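Asker: Chains as they are written, first to last, in the working numbering: chain E, 284 to 413; chain G, -9 to 381.
Just so you know, these hints were derived from the structure itself, not from any lab. Bear in mind that the values here come from a model prediction, so they are computed numbers and not experimental data. Treat each hint with caution, since some may be false.
List of simulated lysine to any residue pairs, SDA-like, C-alpha gap at most 20 Å [as the list claims (entries may be wrong)]:
#	chain 1	residue 1	chain 2	residue 2
1	G	K103	G	E20
2	G	K325	G	G255
3	E	K389	E	G371
4	G	K381	G	T(-1)
5	E	K299	G	Q(-4)
6	G	K381	G	M101
7	E	K299	G	E(-6)
8	G	K144	G	E124
9	E	K299	E	G319
10	E	K299	G	G(-5)
11	E	K299	E	G371
12	G	K144	G	E200
13	E	K299	G	M101
14	E	K299	G	K299
15	E	K299	G	E315
16	G	K325	G	K381
17	G	K299	G	G255
18	G	K51	G	L98
19	G	K144	G	R100
20	E	K299	G	E297
21	G	K94	G	V140
22	G	K103	G	P208
23	E	K299	G	R355
24	G	K144	G	P208
25	E	K299	G	P(-3)
Every beta carbon over 10 Å from chain G, so not counted as near; a handful from chain E, in silico [to be verified]:
#	residue
26	E315
27	V316
28	A344
29	T361
Yeah, the Cβ is synthetic: ideal placement off N, Cα and C, and Gly gets one too.
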Amino acid sequence: MSSEKPRSGSRRPRRKIPVARLSDFPAGTRMEVSVGSVQIAVFNVEGDFFALFGRCPHQSAPLSRGRLQGTVICNADTCWETEWAHEGEVLVCPGHGMEYDIRSGKAFGYDLRLRTYEVSVEDGQVFIVM
Amino acid sequence: MANEGQPVTVQRVEPSLNPVQDEDLDQYGEELSGLTIVDVDVHVDDTLMFMLDYMEGHFRKRMETVLQADFKGEPGNSLRNMIAHIAWLGSSYDKPPRAKLATKEDLLARMEKGIIDYSILFPSELLPIGYLPEPEWAAALATAYNQYMVDAYKNLEGVKIAIVVAPQQPARAALEIDRHAGHPDVVSVCIPDAGVNPPIGDEKYWPIFEAAARHDLPISFHGIEALIHDNYPLRVAHFHTLMQVNSMGFPFTSMLQIMSVVCAGIPVRFPNLKFAILEAGLTWMPFIMYRLDAAYLRYRTELPALEKKPSEYIRDWYIGTHELEALPRRGDLAKLIDLYQGRDTTMWASDWPHLERDLIAGFMRYEMDDALRRKILGENALRFFGLTARK
Ligand code: FES
């Protein structure tokens, strides 16, 4: 489950926004939530829920419409060999293809992280917490 | 922070198989309404199959063969892809989702939103004909394309056409201009010169400039990746990744086109000719202008026809914003434009529907005065293409 630690000292009132009944939000589906002018993309990936800021910082394409796939990585862990990894957990922007880790919001290859939101499930109802 | 009073909507959505295309206009619809919007670089990608009917003899036969090629699973997909992209096919792992081939219906649907006043249609599959080794084949393709476009896209509100000529056959290119320049929907001639030898300023090509000047038809150079040829304007065959070729191919092509035309004295010889440069971004403009000025000081005697500094010719060139660079600060674009003196020459371009297209948010995120924004979004293009405002 995606979570953003409340900033210490933050006294902002937290608001729970109902997204859908669990039964209406099965694995493999996604919802686009607008709260005022803010868009949030919420995904059910094999039973785990993730909520991220819904507009790509590049040119604002809607991330809720991005595909989930893998990507290529090459680092010390792979002994600098190129490997296909993270299958199903890389959100690809439908604008021009920037890639984000669905779990953390971190953009692959950029020093940039999308805001993520906590998702809670209570009594069969899915909420995001803002 | 979420205020209790903010309206919440939730909708289930599906992943997009094609890149999102037109939602960007909806997003800015209100802000843009009332402004003149000209998109100066728009493509339709299904022209090859229709061109068949405009070809004769052995070239028609050859075209049939081209159309049978099943490339990327799409019969008749672009010649451009076939000859240019094959080396790197798959290198982006189908990310972003591949571009949908835009048709006339797609274009009209985009226009029907009522946000864009004019779309200027540039060739897509024919952009690399400059490096086709057979001049007659290149010229036959250009002739078929132009006649098809004029027949299929005439009298559509807000749709205008740039014809294309094969620079390898300058006399025939001039005839092509003579044939179509008077058509009310033809607003520019595109010279796809990447790959030609000698470079485009050479005297060999002057009949093309002469014809355009005679008809007061502005000339557009549209960048391409210049992927596979190994002569003018840039040897890019040595790079191993499409990213390197793509990012340098467009601006270097454009800089060399400008340098070649200006240093050949073409703006002096044909003073009423207008030029535009498309699909190469903007940041290199100050570089080529002032770099040439510095060299001009030393080498002026090589260019005795010039009557002023190179930058004073180049600042009259119009330039399309696509592929707009992502500058770090919101005020940077206006500063850049000041640097190349481009307030009256910079024109918004999306490159719709190609993968690299710019969503309008990419331009709107930059801060600038309203007058400059209006000029870039439409007023400059109206002047360049000789169009009248529709709003
Ligand atoms: S809008 Fe996301 S990559 Fe361009």
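Asker: Would you list, in rising numerical order, the hints stated earlier that this structure does not obey?
Answerer: 2, 4, 8, 11, 12, 13, 14, 15, 16, 18, 20, 22, 23, 26, 27, 28
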